[in-house]
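Peer 1: Turn these sequences into a full structure, and let the hints steer you where they fit.
In the numbering used here, the protein residues as written are 1 to 145.
Only true hints are included.
Computed spacing ranges between beta-carbons, pair by pair:
1. THR25 to GLU47: 22 to 28 Å
2. LYS118 to GLU56: 17 to 23 Å
3. GLY43 to HIS21: 32 to 38 Å
4. ALA36 to ALA84: 25 to 31 Å
5. ASP87 to ARG111: 19 to 25 Å
6. GLU41 to ARG18: 25 to 31 Å
Hints are computed from structural coordinates only; laboratory data are not their basis.
The model shown is predicted, which means the values in this text are computed figures rather than measured ones.
We put the CB at the ideal spot given by N, CA and C, even for glycine.
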Amino acid sequence: MTTIMIINGPNLNLLGLREPHLYGTDTLDDVRRLCASVADELGLQIEFHQRNHEGEIIDLIQKARTDADGIIINPAGYTSTSIAILDALLAAERPVIEVHVTNIHRREDFRQHSYVSKAASAVVMGAGIQGYEFALRRLATLTRR
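Peer 2: Spelled out as structure tokens, the structure:
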């Protein structure tokens, strides 16, 4: 069965609580349930993770190299700062979809650059948690080729 690793970065454990005027009221558990439902529909298996520490995110990406067929990543605050996460994604040699709940191009200048995008097959942003659904559907296509 095709396995997709879903990696959520720092502070996404506070989704639904932190700045709901930007991120909405859906929680990370809502994201997990949505992903599980879509994965079931598509015949995918998912591994769902959230980490606040860069090294732990890198460890998950490295694990995906052998344990997953594709990666969905919401790098959150590491989007515009982590070359190490970019390097890990490139080394994983798996299709990557980058997801952001908000449209980072409508945010502060420092949030508008993404290192992760250089490793991504596609980027989904500004669609709320539905972006995860879009990403799963795209990875289902990419991993079945």
